[in-house]
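Q: These protein sequences, in sequence, are chains A and B.
Numbering follows the numbering used here, in which position 50 of the first sequence is assigned residue number 1447; successive positions increment by one, without gaps.
Numbering follows the numbering used here, in which position 79 of the second sequence is assigned residue number 83; successive positions increment by one, without gaps.
Cβ-to-Cβ under 10 Å is the rule here; a few derived chain A residues that face chain B:
#  : residue
1  : Val1401
2  : Gly1437
3  : Arg1441
4  : Leu1442
5  : Asp1453
6  : Glu1456
7  : Phe1487
8  : Asp1493
9  : Ser1494
10 : Phe1500
DEER-style ranges, computed between Cβ atoms:
#  : chain 1 : residue 1 : chain 2 : residue 2 : range
11 : B       : Pro22     : A       : Ser1466   : 46 to 54 Å
12 : B       : Asp96     : A       : Pro1436   : 27 to 35 Å
13 : B       : Ser59     : A       : Asn1398   : 25 to 33 Å
14 : B       : Asn110    : A       : Gly1400   : 26 to 34 Å
15 : B       : Lys69     : A       : Gly1495   : 14 to 22 Å
16 : A       : Ser1415   : B       : Thr72     : 40 to 48 Å
17 : B       : Asn110    : A       : Val1485   : 16 to 24 Å
18 : A       : Ser1415   : B       : His54     : 34 to 42 Å
19 : A       : Pro1458   : B       : Gln46     : 22 to 30 Å
20 : A       : Arg1474   : B       : Lys112    : 40 to 48 Å
21 : A       : Gly1400   : B       : Glu58     : 19 to 27 Å
Worth flagging that the hints you see were computed from the coordinates, not collected in a lab.
Remember, predicted model here, so these are calculated numbers, not experimental data.
Yeah, the Cβ is synthetic: ideal placement off N, Cα and C, and Gly gets one too.
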Amino acid sequence: NAGVTQTPKFQVLKTGQSMTLQCAQDMNHEYMSWYRQDPGMGLRLIHYSVGAGITDQGEVPNGYNVSRSTTEDFPLRLLSAAPSQTSVYFCASSRDSGETQYFGPGTRLLVL
Amino acid sequence: AQRVTQPEKLLSVFKGAPVELKCNYSYSGSPELFWYVQYSRQRLQLLLRHISRESIKGFTADLNKGETSFHLKKPFAQEEDSAMYYCALRGDNFNKFYFGSGTKLNVKP
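Whenever a hint applies, use it, and build me the whole structure from the sequences.
A: So this is what it looks like as structure tokens:
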């Protein structure tokens, strides 16, 4: 039981490049979410999903896309990276939104 | 607007001293509040939630609706309590969570 896994651990991008941050969980959780963590600002919700095929916006969705084609996977896409997207990204999952959230190890992204 | 405020970026106490990490929230409805903790080189994990009314690792937190606070307390801090602590609010869209900016607790020997 690996829990929540995220890849890559660290990534450097140039402005305008695109990439996908991967998140997977093996706990059959319905609720999954993406956060970004910036110094002095804590964690801010980017997007979330309450089940396969259902996604919605969080607090800071601009510049990010998500999809949820399976229960296990919840990738986060940056279509055109900007320096303002330099951050640490965390994926989390839970049985439903009212249950304990389990976090992944994070992806550190640097956009030059 | 829903917001969580943790006024202290850093809190340093000596081992055995009481500790209180402050959390204030703004929310018009009936709040659901959590404390998450991140130890060095570990993942963020749930410490406790107010609806459980339980004590975890000696920590307790009481919801004070009058003062809109959910402060985390421990009577005798231990060195292993040193970590980053985040207060979080589950918003009126029950699928959205709002985190505070975090407080780094440093327990000195």
